[in-house]
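**Q** As they're listed, the protein sequences go chains D and G. Residues in the first sequence are numbered from 1 upward in steps of one, following this note's numbering. Residues in the second sequence are numbered from 1001 upward in steps of one, following this note's numbering.
Please keep in mind that the hints were generated in silico from the structure rather than gathered at the bench. Each hint should be verified, as a subset may be incorrect.
Claimed, not checked - Covered stretches of chain G, going by a simulated chain D footprint (3 or more residues, C-beta under 8 angstroms):
1. 1082-1096
2. 1141-1147
Unchecked claim - Which stretches of chain D does chain G cover? Using the computed rule of at least three CB atoms under 8 angstroms from a CB of chain G, they are:
3. 29-37
4. 52-62
To be verified - Partial selection, computed: residues in chain D whose CB lies under 8 angstroms from chain G:
5. 16
6. 41
7. 42
8. 45
Cβ coordinates follow ideal geometry from the N, Cα and C atoms, glycine included.
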Amino acid sequence: MGVNLISYSSQKVKEGKIVKVEAQFDNVIRKFKISGDFFLHPEEVIDDIEKSMIDLKRDVSFDTLVHKIHKIVNDHDARMIGLSPESLALVIREALK
Amino acid sequence: MKWRVSGIETHDAYFNMALDEAISESVREGSSSPTIRFYNWSPNAVSIGYFQSIRDEVNLEVCKELGVDCIRRWTGGGAVYHDFDGEITYSVIAPASMFPKNIIESYGLICGWLVKGLESLGIEAEFKPVNDILVKAKKISGSAQTRRGGILLQHGTLLYGLDLKTMFRVLNVSRQKITDKMIRSAQERVTCVGMHSKRGKKEVYEAIVNAFTEGKDYEYGTWSIDELARTRELSEQKYKSDAWMYLR
């Protein structure tokens, strides 16, 4: 197992809001936090998105991330305002580089 | 459905946000009518969005020095400096079924009331999705909405005056030195009622109340004993707690 790295990415996404991702990982993601000035209804869905990232490999693909986020959003009939699953996945990929 | 309207009140940040949540619960239970309330914040306060990190957004040391409260909202969106002299805050709390299902449309509907109020003061304003109102392309109002348990809560601020220097001190603006250039840059993006009208704050408030209540069946009301008890409980146990403050 490698050394735990903490990485951080912050972007103003194309839908207009700021999204920040903080990830702690070795070869897989150990801790994960999303923050920013976006809207997500219901808000608590963010916890499910964060949990779904734990134990994913550091080189998880953009498509896999988009698929996972879409599924959680759809399962909860959630609405993202000011960001999208695709934009969030881009910020996550950036943090995992 | 008859609305309950509350005239302007002043509370601290914790009570204000707890009251919005307590009202949401009582409207959901059917024990209270859909509600429109207007309020100020004292002491001055910074509120951050549900998804924001207080350490990222707020200079806690300066807040402590200036006696400015800090609170995490129940709604998303960005950090806001609530200046007692500089703004009027509103909340609209009602069954979501009374509003468009489309969230942007529902922002547009409620922000439209505020736009009408500004127009009655001779200030031409426009709703700018997602959640802003602009005057001459500068932001004069921001709002945030949540929908939980079938209840829509939207609160928002109308800037009456601007204290950009304090705003930049309490908010973490990249922790850089606050420069005149930053102030000028903000002045190019933000405006307030005082820059467009000589009307006093009371007159502005009355214009906003008239616009929010126009065409509605409403009566002035106050909070029930249960709402106040729940507000105190949420204020102390949730909104003042470190667990909530440092949630993210």
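**Q** Decide, hint by hint, whether the structure agrees.
**A** Hints versus structure:
no.	hint	in the structure
1	1082-1096	violated (count 0)
2	1141-1147	holds (count 4)
3	29-37	holds (count 5)
4	52-62	violated (count 0)
5	16	holds, 7 angstroms
6	41	holds, 5 angstroms
7	42	holds, 6 angstroms
8	45	violated, 11 angstroms
Hint compliance for this structure: hints 1, 4, 8 are not met, and every other hint is.
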